[in-house]
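Please work from the sequences and hints to get the whole structure.
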Amino acid sequence: MSIKPKLVQWEPTDLKEELLKKYPPKVARKRAKQIMINEATECEAPPEIVANVRTIPGIITMRGCTYAGCKGVIMGPTRDIVNITHGPIGCGFYSWLTRRNQTDPGADGDNYIPYCFSTDMQDQDIIFGGEKKLEAAIQEAYDLFHPKAICIFSTCPVGLIGDDVHAVSRKMKEKFGDCNVFGFSCEGYKGVSQSAGHHIANNQVFTHLVGENKKPKEGKYKINLLGEYNIGGDGFEIDRLLKKCSITNIATFSGNSTYDQFASAQHADLSCVMCHRSINYVADMLETKYGIPWIKVNFIGAKSTADSLRNIAKYFGDPKLVTKVNDVIAEELPEVEAVINDVKERTKGKTAMLFVGGSRAHHYNDLFAELGMKTISAGYEFGHRDDYEGRQVIPGIKIDADSRNIEELEIKPSADEYKARKTPEQFKALEDAGFKFRHYDGLNPDLDKGSIIIDDLNQYEAEKLVELLKPDLFCAGIKEKFSIQKLGIPMKQLHSYDSGGPYAGFKGAVNFYEEIDRLVNSKVWSYMKAPWQENPELTATFVWE
Amino acid sequence: MLLRHTPTEVAERKSLTINPAKTCQPIGAMYAALGIKGCLPHSHGSQGCCSYHRSTLTRHYKEPISAATSSFTEGASVFGGQANLIQAINNIFTVYDPEVIAVHTTCLSETIGDDLKQIAAKAISEGKVPEGKTIIGAPTPSYVGSHVTGFSNMVKAMAQLAEETDKKNGKVNIIPGWVEPSDMEEIKRLATLIGVEITLFPDTSGVLNAPLTGEYHMFPNGGVTVEELKEAGQATGTLALGEWCSADAARWLDAKRKVPCTVLDMPFGLAATDRFIDTLRTIAGASIPESITTERGQLVDLISDMHQYFYGKRVAIFGDPDQVISMCEFLRSIDMYPAYVVTGTPGKKFEKRIKAITADMPFEVKVKAKGDMFLMHQWMKNEPVDLIIGNTYGKYMARDEDTPFLRWGFPILDRQGHQYFPTVGYKGGLRLLEKVLDLLLARKDRDAPQETFELVL
Ligand code: SF4
Ligand code: SF4
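Residue numbers (numbering that gives the first Met the number 0), protein chains in the order written: chain A, 0 to 544; chain B, 0 to 456.
Worth flagging that the hints you see were computed from the coordinates, not collected in a lab. All C-beta atoms, glycine included, are put in the ideal place defined by N, C-alpha and C. Warning: the hint list may mix true and false statements.
Simulated pairs of lysine-lysine, DSBU-like, Cα-Cα distance not exceeding 30 Å [said to hold, decoys possible]:
1) B/LYS132 x A/LYS25
2) A/LYS29 x B/LYS121
3) A/LYS469 x A/LYS29
4) A/LYS288 x A/LYS427
5) B/LYS369 x A/LYS170
6) B/LYS380 x A/LYS147
7) B/LYS132 x A/LYS463
8) A/LYS528 x B/LYS61
9) B/LYS367 x A/LYS131
10) A/LYS174 x B/LYS13
11) A/LYS528 x B/LYS187
12) B/LYS13 x A/LYS170
13) A/LYS522 x B/LYS61
14) B/LYS61 x A/LYS373
15) B/LYS229 x B/LYS187
16) A/LYS21 x B/LYS116
17) A/LYS131 x B/LYS347
18) A/LYS21 x B/LYS132
19) B/LYS121 x A/LYS21
20) B/LYS121 x A/LYS25
21) A/LYS32 x A/LYS469
22) B/LYS132 x A/LYS20
23) A/LYS147 x B/LYS369
24) B/LYS61 x A/LYS463
25) A/LYS21 x B/LYS61
26) B/LYS13 x A/LYS147
Here are the computed distance ranges between Cβ atoms for each label pair [to be verified]:
27) B/THR212 x A/PHE127: 50 to 56 Å
28) B/ARG445 x A/ASP107: 31 to 37 Å
29) B/ASP446 x A/GLY105: 28 to 34 Å
30) B/LYS351 x A/LYS131: 28 to 34 Å
Derived, one-sided and incomplete: chain B residues facing chain A with beta-carbon distance under 10 Å [claimed, not checked]:
31) THR5
32) GLY44
33) THR55
34) PHE71
35) GLU214
Have a look at this one:
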C-alpha cells in the first residue's frame with residue numbers, strides 16, 4: 000500500500016495562514032473565525048468555531064438557500080403530498096427530482112415525487128400580487144389529483160411582494176374540507192443557508208400534520224426515525240433492519256414518508272435522530288408535547304449501525320428485543336467483515352476530506368475510520384456550533400438577526416395525548432448505565448488533533464486545501480465535484496452519492512467500502528500526464544533506427 | 000407507472016404548471032457568460048438561485064461551473080443589494096482575478112429594483128474595479144421569458160461591448176445561440192473550412208469541455224475575448240442563429256453599430272444547415288470547399304439508405320424554441336411526423352413556425368408555446384408516438400409509455416457525449432440520425448417475435 004508522497008508537510012497554523020492570505024483584510028478576519036485547528040493547538044481556551052453566519056458576497060460558496068432546505072430537503076421526500084412552489088418557474092424546476100430521494104409508492108400508490116408543480120409567476124403576478132393565481136393553482140391541483148394534502152412554498156419574490164400564502168392555504172383548506180393545505184414562508188433570503196429552511200419546514204409539519212391521526216398504531220417497539228431522507232435508498236435499508244429486529248418505524252421524517260406517517264408520529268415511544276442538524280428541534284417538540292424521549296442514532300457505518308440498534312433495544316429494555324437485535328447483528332456482520340478485510344488492505348492509511356451538509360460530514364467519518372482512512376480536514380456547509388462542538392453548547396449560542404427571523408414554536412404538553420414513556424427511576428437507571436438522552440457529540444472531538452475544521456468552505460479554500468494537503472479523496476457536492484477532479488483527486492458526492500447507495504446500515508456499509516476502494520484505487524488518476532509530458536526531452540534519433 | 004397520476008383526459012389549466020418545459024432566466028445568462036474568456040458569472044440575488052444554476056449546469060456539462068453570488072439575506076432584500084454587490088465585486092477581483100464579471104439579476108434583485116448599471120458605475124468610482132477589467136450586466140427577472148431569454152439577454156450585453164467605429168475588419172460575427180460546446184466547435188470548424196474569419200460569441204468550447212490534466216484552471220483557455228467583442232462592431236456582418244437566443248444581440252449591433260445582420264434558424268438538420276452555409280458564403284464572399292459538399296452528400300446518403308425506418312413515424316418533441324423549430328423541420332425532411340410539439344418559452348411566433356413547417360402533414364400538429372410536459376404526456380396517452388425527443392426529464396414519460404427516447408436539448412443530466420459530439424451541421428445531422436436509428440431499430444429488435452427476428456436489416 001502506498002501513500003502519495005507529500006511535497007511539504009504543512010504545520011496547521013501555516014496552512015491556515017496560507018488559506019487566508021489572498022483575502023481582503025475584512026474577509027480574512029471573518030474567515031479566520033470559521034477555520035479552526037482542532038483541539039487547542041491554536042490557543043489554550045477550548046476551541047470555539049463561528050458557524051451559521053452569513054455567506055460573504057462574492058465568495059463562491061457551497062451553500063444553497065432556505066427554500067432548498069425546506070422544499071428540497073424536508074418536504075421533497077414526502078410522497079403523497081402535492082408540493083406547489085409559489086414563484087417563478089426556476090426554483091420549482093431545480094428542486095425537481097434532483098436530490099435522489101427514493102420512494103416506494105406502496106399499496107395506495109400515491110406518489111407525486113416525480114412531478115413538479117409551480118405557479119410559474121409572470122410579471123403581472125409580481126406587479127398585482129400572486130395570491131389569485133396561487134388560489135386557482137391549488138384548486139386545479141385539487142381537481143386533478145384529490146390529494147390528502149397540498150403544501151405551498153414561497154420563493155424570494157413572493158415574500159417581497161407580500162403574498163400571504165398562509166391565508167390562501169387556510170381558505171382553500173376550509174373550502175375543500177378533505178384536503179390539508181398549508182404553506183411555508185421559506186423565501187430563499189430568509190436565512191444564511193438551507194438550515195433555516197429545515198427549521199421552517201419542520202415547524203409547519205409539526206403544527207399542521209403531526210398528531211392528526213388519533214388511531215393508535217400496532218407494534219411493540221415503536222420508534223420515529225428523524226432526519227433520514229432516503230437518499231439512494233438509505234431509508235429502505237434502515238427499514239429492512241428495523242423490521243428484521245421487530246422494531247416498528249411509525250414515521251420517517253421524511254424519507255419515503257407519507258401523510259399518515261407524520262400524522263401518527265405521536266404514537267411512537269422513542270424518537271431516533273439521524274441528521275440532528277436538520278431536525279433536532281422536532282425531537283424536542285415531540286418530547287415536550289407527547290412525552291416521547293429521543294436519542295441520537297447513526298446508521299452510517301457498520302459499527303454505528305450496530306451501536307444504534309443496540310441502544311434502541313436497551314431503551315425498550317426487553318431482553319427478548321436485546322437478544323433479537325444481537326442475533327440480527329451477528330447475522331449481518333460476517334458479510335460486512337468479509338468485505339472490509341478485503342478492502343482495507345487497499346484503503347488503509349489513505350486520507351479524506353469531508354465537506355457536506357450539517358451532519359453527514361460527521362456520520363461518514365465513522366465509515367472512513369472503518370476503512371482505516373483518516374479524515375484530515377472536515378466541516379459543514381450549513382452546520383451550527385453544536386454540530387461542531389456538541390449539543391451541550393446550545394444554550395451558549397448567541398442568536399443573531401438572521402436566526403431570529405425564524406419562528407420558534409412554543410410547545411406545551413398535550414392535555415390528552417401526553418404520556419410519560421418511562422418513570423423517572425427508569426430514566427435514571429438508563430442514564431446511570433451510560434445511556435444518553437437528548438444528546439449528540441460534535442464533529443470536533445471525533446477528529447484528530449491538528450486536523451483542519453472549516454465552516455462554510457468555499458471553492459477557493461477547497462482548491463487550496465487539496466493542493467496543499469493532497470488528500471486521497473474529497474467528499475462534497477455536485478458543484479465541487481469537477482473542480483476537485485480536475486486536480487487529479489477523486490471526489491465523492493455525499494449529498495446525492497453520485498448515483499450510488501444505499502450507504503446506510505450493513506448493506507450500505509458494504510456498498511460504501513467497495514465504492515471508496517474503487518475511487519481511491521482507480522487507475523484513471525495516474526493518467527494525468529501524457530508520456531511526452533512526463534518526459535519531454537527529445538532524443539536525437541528515431542526510435543526505429 | 001412513474002407518472003401514475005397523469006389523467007388521460009385533458010382539462011384546461013390556467014394557473015398550475017406541471018412538469019415545466021423551461022426554467023428561469025439567470026441560468027441562461029450564466030451559461031452564456033461562461034463563453035467569455037476569463038469571465039466569472041455573478042448572480043445578483045440570494046445565494047440559492049446561484050447554487051441551483053451552478054448545480055444544474057454542472058450536472059449537464061460535467062464540468063466545474065464557477066459563479067459568484069451577492070448572497071442576499073433579509074436585510075439586503077429590504078434595503079437593496081448595492082452594498083452586497085459592491086462588496087462582491089471587490090472580493091471577486093481580489094480572490095479570483097477574472098478579466099470580466101458578468102452580472103445578472105434574479106427575480107429578487109429585479110423586484111427590489113436594483114440598478115446594475117448604477118451599482119457597477121459606483122464600484123468603478125470607488126476603485127473596486129482594477130484597471131483593464133470589465134463588468135457587464137444583464138437583467139434577467141425570472142418571471143419573464145425563460146432560460147432561453149436569459150441567455151439572449153446576456154448575449155446582448157456582450158454585443159453591447161462593441162465599440163463605435165467606421166473601421167471594418169472583414170470578420171463575420173456568428174452568434175450560435177444556446178448550443179453545446181461541441182456545436183460551437185463545429186461551427187468554428189465549418190467557418191474555417193470555408194475560409195471565413197469569425198468572431199463566435201458566446202463560445203463555450205474549450206471552457207465546458209476541458210481536458211483532465213491534474214490542473215484546475217478556474218478560467219480555462221477558451222471563450223471569446225473582451226477585445227474581440229469590442230471589435231465586433233468592425234465586422235462585415237452578423238449571423239444570428241436562432242430568433243429567441245441570438246436575434247436581439249444581432250439586431251442591436253445592426254441598429255447601433257451598423258453591422259448588418261441576418262437571423263437564421265439554428266443549423267440542425269439538412270435544410271437549416273444548407274441555409275447557414277449558403278448565407279455564410281454569401282456574406283463572406285467565399286466559395287464552399289468540396290469537403291463540406293461531401294459531408295452534405297453523406298447526410299443525404301444516410302437519409303436515403305434508412306428512409307424506410309423514419310418514414311411515417313410520429314414524434315413528440317419538447318425543448319427550446321430555436322432548437323425545436325430546426326428539429327421539426329429536419330423531422331419533416333425525412334418524412335417523420337412531429338405530432339406533439341411543446342416549448343415552455345413564451346412567444347407567439349413559435350406556434351406559427353411549427354404550423355408552417357408541419358403544414359404538409361396528413362394530420363394537424365398539436366403545438367403549444369408556454370406548454371408543459373404534463374400536457375404533452377396527456378396527448379401521448381390519447382394517441383401514442385414512436386419517439387420522444389427532449390431533455391432528461393422526458394425519461395419518466397418515455398418509461399411509462401414504453402416509447403424510445405432521444406435525449407437532446409437542455410438539461411441532459413443522465414447521459415454523456417453532448418459536450419463532445421455536435422448535433423449541428425451535416426456531421427451533427429449524421430449523429431442525430433444515427434441516434435434516432437439506434438433507438439428505432441433497437442426497439443424493432445426488442446419487440447420482434449422470435450420467428451421474425453432478423454440478422455440483417
Ligand atoms: S428565485 Fe427566481 S432566479 Fe432564483 S431560482 Fe427561483 S426563479 Fe430562478
Ligand atoms: S445531512 Fe446535511 S444535506 Fe442532508 S439533510 Fe442533513 S443537513 Fe441536509
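Below or equal to 30 Å on CA atoms is what counts here, so check B/LYS367 against A/LYS131.
-> holds (24 Å)
- Query: Between B/LYS121 and A/LYS25, does the CA-CA distance stay at or below 30 Å?
  - Reply: holds (20 Å)
Pairwise hint evaluation, A/LYS20 against B/LYS132, where the allowed Cα distance is 30 Å at most: holds (22 Å)
Agreement of A/LYS21 and B/LYS132 with the hint, judged by alpha carbon distance not exceeding 30 Å:
holds (19 Å)
Quick one, are B/LYS61 and A/LYS373 close enough, alpha carbons at most 30 Å?
holds (28 Å)
*asked:* The hint names B/PHE71 as touching chain A; please verify it with the least Cβ-Cβ distance against 10 Å.
replied: holds (5 Å)
Holds or violated: A/LYS147 to B/LYS369, with C-alpha atoms at most 30 Å apart | Within the cut-off at roughly 29 Å; holds.
A closest beta-carbon separation below 10 Å is what the hint needs, so does B/GLU214 meet it against chain A? holds (7 Å)
| request: With 28 to 34 Å as the target window, see if B/LYS351 and A/LYS131 comply at their CB atoms. | output: holds (30 Å)
Chain A contact restraint on B/THR5 - CB to CB distance below 10 Å:
Nearest chain A Cβ about 8 Å off; hint holds.
For the pair supplied as a hint, B/LYS380 and A/LYS147, is the alpha-carbon distance within the 30 Å limit?
-> holds (25 Å)
Holds or violated: are the alpha carbons of A/LYS21 and B/LYS61 at most 30 Å from each other? Holds - the C-alpha atoms of B/LYS61 and A/LYS21 are around 28 Å apart, at most 30 Å.
The earlier numbered hints are all upheld by this structure, with none contradicted.
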